[in-house]
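Asker: For reference, the chains in residue letters:
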Amino acid sequence: MQIIILAGGEGKRMWPIQTDKCLIPFLGKPLIYHNLLKIRENLGTAEFIIVATPQNKNQVSEIAQVLGLKFSVVAQQQPKGMADALLSAKDLINGEVLVVNAEDILDLTKVETNGDVLLRGLKVNKYFPGGYIENVKGQNSKVKSIVEKPGEGNEPSDLVKLVADYFKDGKKLIEYLEKVSSENDDVYEMALGQMIKDGLDIRFSKYDGVWLPLKYPWHILDIMKYFLDKIETEDKVLIEEGAKVFEGAVIKGPCYIGKNCIVGNNSIVRESNLEEGCVTGFSSDITRSYIGANCWFHTNYIGDSVIEGDLGMGSGAVLANLRLDNKTITIKEHGIDTGRSKLGLIAGIGVRIGVNASTMPGVRVGSNCLIGPGVVLKQDLKENKKITLKQESFEIEDYQASQTSYDQFRDNLK
Amino acid sequence: MQIIILAGGEGKRMWPIQTDKCLIPFLGKPLIYHNLLKIRENLGTAEFIIVATPQNKNQVSEIAQVLGLKFSVVAQQQPKGMADALLSAKDLINGEVLVVNAEDILDLTKVETNGDVLLRGLKVNKYFPGGYIENVKGQNSKVKSIVEKPGEGNEPSDLVKLVADYFKDGKKLIEYLEKVSSENDDVYEMALGQMIKDGLDIRFSKYDGVWLPLKYPWHILDIMKYFLDKIETEDKVLIEEGAKVFEGAVIKGPCYIGKNCIVGNNSIVRESNLEEGCVTGFSSDITRSYIGANCWFHTNYIGDSVIEGDLGMGSGAVLANLRLDNKTITIKEHGIDTGRSKLGLIAGIGVRIGVNASTMPGVRVGSNCLIGPGVVLKQDLKENKKITLKQESFEIEDYQASQTSYDQFRDNLK
Amino acid sequence: MQIIILAGGEGKRMWPIQTDKCLIPFLGKPLIYHNLLKIRENLGTAEFIIVATPQNKNQVSEIAQVLGLKFSVVAQQQPKGMADALLSAKDLINGEVLVVNAEDILDLTKVETNGDVLLRGLKVNKYFPGGYIENVKGQNSKVKSIVEKPGEGNEPSDLVKLVADYFKDGKKLIEYLEKVSSENDDVYEMALGQMIKDGLDIRFSKYDGVWLPLKYPWHILDIMKYFLDKIETEDKVLIEEGAKVFEGAVIKGPCYIGKNCIVGNNSIVRESNLEEGCVTGFSSDITRSYIGANCWFHTNYIGDSVIEGDLGMGSGAVLANLRLDNKTITIKEHGIDTGRSKLGLIAGIGVRIGVNASTMPGVRVGSNCLIGPGVVLKQDLKENKKITLKQESFEIEDYQASQTSYDQFRDNLK
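Residue numbers (my numbering), protein chains in the order written: chain A, 1 to 414; chain B, 1 to 414; chain C, 1 to 414.
Treat the hints loosely; a few may be bogus.
Distance condition first, Cα-Cα at most 27 Å in a straight line; then the derived DSS-like pairs of lysine-lysine [to be verified]:
#  : chain 1 : residue 1 : chain 2 : residue 2
1  : C       : Lys-385   : B       : Lys-342
2  : B       : Lys-236   : B       : Lys-123
3  : C       : Lys-382   : B       : Lys-378
4  : A       : Lys-252   : A       : Lys-110
5  : C       : Lys-144   : C       : Lys-126
6  : C       : Lys-215   : A       : Lys-390
7  : C       : Lys-332   : A       : Lys-382
8  : C       : Lys-244   : B       : Lys-390
9  : B       : Lys-390   : A       : Lys-342
10 : C       : Lys-332   : A       : Lys-385
11 : C       : Lys-126   : B       : Lys-332
12 : C       : Lys-390   : C       : Lys-126
13 : A       : Lys-385   : C       : Lys-123
14 : A       : Lys-38    : A       : Lys-236
15 : A       : Lys-236   : B       : Lys-236
16 : B       : Lys-259   : A       : Lys-252
17 : A       : Lys-390   : B       : Lys-206
18 : B       : Lys-123   : B       : Lys-70
19 : A       : Lys-385   : B       : Lys-390
20 : B       : Lys-206   : B       : Lys-137
21 : C       : Lys-123   : C       : Lys-215
22 : C       : Lys-332   : B       : Lys-236
In short, the hints are calculated from the structure, not lab data.
The model shown is predicted, which means the values in this text are computed figures rather than measured ones.
With these hints in hand, go ahead and build the complete structure from the sequences.
Answerer: See below:
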């Protein structure tokens, strides 16, 4: 079987995180490394076709090589959707294929093969903005249609189609993709629709393993938790080479401390992932947070936050993670309810946060922003912005200290 | 002897503390529990008549029952003062009586009985707004009159009358209370005056035991200290069932840690009373403070504060307890000088304080208020108010980070 | 030989530090104590002539006495420069003399004596605003002239003249100083110039020992480091009598903890000098800082700061020491680049800093100032000023707490 890995996703909804979704590191390795490794372990003999981007092609190839896979990499020239991605690889496809996303966490220990096409549906308890599987009446495993984002209340079923699609004949899939045309980004779905119309045997089965997509930056926290839980040391703490833990510091697993990190005196790190080169400084509290490489802190609270990397925080700055009114945290721009009761800052690369500054739950800050000392940040900041406390907020007056004076001080010392 | 316990006090000056004065818990038990227990230990055979309110009657009865007292409870229907309270219980009074407040801390190991009426006077060193005992010239233990709040400089003596009044004939007291009429809240004092006029033998003696009234909320701190000092463990720390103390935490006695409390990593708790269900979080410092039930903290300083309960504080918030000009702390509304050089926040039930917020010494905050992140609160807040830092205080500009950029960051990692 | 110690320097550029430069204490002793001690150890038989001020004369005499020196002290009546200082001592000068500043850190293990006058030049790598030695062409150790502050690019050599000047005949030096007249503060330099003109044998040699002048307050940090490095205990920590170190506190050498200091629970002190009577409070971080006597802290970060003494800081206040844009720190008033990438606050005597306040790198604050709670101080403050956050920065609204109420709270407790 050929496993087609779609590693060309754009990640529009990932702002302010810029790192290619499949390259975001967990436990010191890019996400795609973990995912390819797992497939190799389960389906060792498969052949991999990786559809990359011009930008990540080299890095992805390197990873596949390190893992000793039988693989090919093609670059999709523009991020023009799933059908275009598969067509980029058409010359390599020649038999049974399984199509999966490079960044999704999926349990692929067993690949079901059934009918001409076998789709996998995940039972959801509340509305999810994906494609829902509608079954043929009376036929529990036959697909009638895939309804894209039907809107809450209009779902044809409680099964959301994952990207883990099996095709008995990969060449036929390519034919259909070439035949169909659309002005929108739905060629793949239309091709599936056409197959149904043409009477192909399109089935689905219920999937009840782990499934963690990566659409919004806070999904990084779920994926982090997944990987942290896999740490197998007794205390569920993995500390890499060169990392130092100073006196009074506490690391509560599950936790990953990357290469050359320094967990400073009296700091606590809990249920978090620190990529290489991070420094907590003195008396910081990093809890349930994803911290990319080369971040430095100093007496900070970082709760339920996603920090891409190279962030610097002055002493006393706090990333708040809990609304005082106990509401769940929504992202203002699109009114998306993250469903999380706790969510801290989401920060791109190179952000600087001044001493005693505070950021509010769920705020997103673009790369290279500066949040001045003492600022209370309640809103998102686009890239390359600076927010400061206006100097007019302060007033200076003459002042007569009631008891201390230079002479008195010196007298006291005598 | 009958001990009449006045448990119907209104607590007007206790704002923002709402809990019935005699029900405020110390070491996990209501104040009246401690006081009744002490009287029972000293005067085991006495009969108790408790004048309660319609609201606290049941709870007070329960406490008396648990203590195995011989008691009756009557409810005063309106909080109309001491005479009305006693009249509420008139049908129960039939012999020698001792009248005390439910909430006052008093040393009652020995009850003096002398004359028709024996009052107790506490020697004070500075003006106290209470009733002063004036003695009959040349007769050191005979009362000439009680002068209510004479004003500083006009005191007829240095003895303030406590509420620990002995009457040889309780029925006669009731007669006098019924006879006297007044438009003000001074019927009891007028009745005493009438007794003097009528030639009854009204005496006083000097009281030099402990006396801690509960008129203002900061008196809770004095009463707390009294109970903490009574803890008899070697380190003077009492930790209740279900409480946890994490690594690096320090508890310096005298200290009470209530049921199911969590003293988090690297926190310090000193000379404080934490009622049940409190959580200090990471690296908090709680010093000389009364903390009611179900409060949660996280990297906070709480000094010399009175927190009624259910308070939540974000990381980095500070309750300042010391004026930078070293003056003693006055309460602005009434210009009351608390006489304390250190006093923090006084907070009602359900207050929320944002990250990096600060409250100034002696500030009072009503229940269910929200103090926003970064706020410096210098004034009292009535119930159900929210104070926030205006967003106009900040300005946003374009910013060019001098050295960091995404590419550079990624390059550095290679 | 006579060693002339110039202890009358004015320290104009030391603002806001008021303490006489040579009396600033390090490791519990005034700077001049250390310097005199070192000379005594190396040049035990020398006679000292100390030119003091009317103000410091007594203290300086006492120090010389304690050290058992053979010495005389004269007071220069006005701070009128080096020539005037020497003339104040003219009656005492009678042979070979070496002229040094009381406050400069210099390596005087060996005093070179050569020619009529021997000057010492320190090789500098970048422009230093001092006097440069110009040598006679072709004669490597003959002085042609001293060029005062030539300006960057106009230096006649890379050798800056230190104040460590040897004169074979002290009386002749006095004659020259009396002969020359100038309206500016350069009589000493003119006298040297005249000696050259008159054909005296004026030589120089290169000095390559340690040289630490004290012109600007941040030089205190360099001098502190010099003394800390001299601590000879195994961990390079010197803790004086009466000092206490509480549980969880860490002291990382080199470090000096003065008499009766208290290093509070969970605090860290690194590479710092704390003069007597300082209290770190709970969980403070004092790093690479000079802390004069009687300062108190409480959960603060003090980085690379110079605190003259008697400073008080509320909980959560931070002295920032690093620009978020990574630039070196300049002092605004004169546009002086300190050359330091890290520099915190420079504070005179008696400063008070409120809870959660922040000061920006390199800010200078005059004595007896008050920096209010929550203030972000970006500018210098002259003596006796108060800066506060305006109350108009806040707004108060009605607020309905979403979930908590007094009744609910009490119910929960049942």
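Asker: Hints numbered earlier in the text: which of these fail when held up against the supplied structure?
Answerer: 2, 4, 6, 7, 8, 11, 12, 13, 15, 17, 18 and 22
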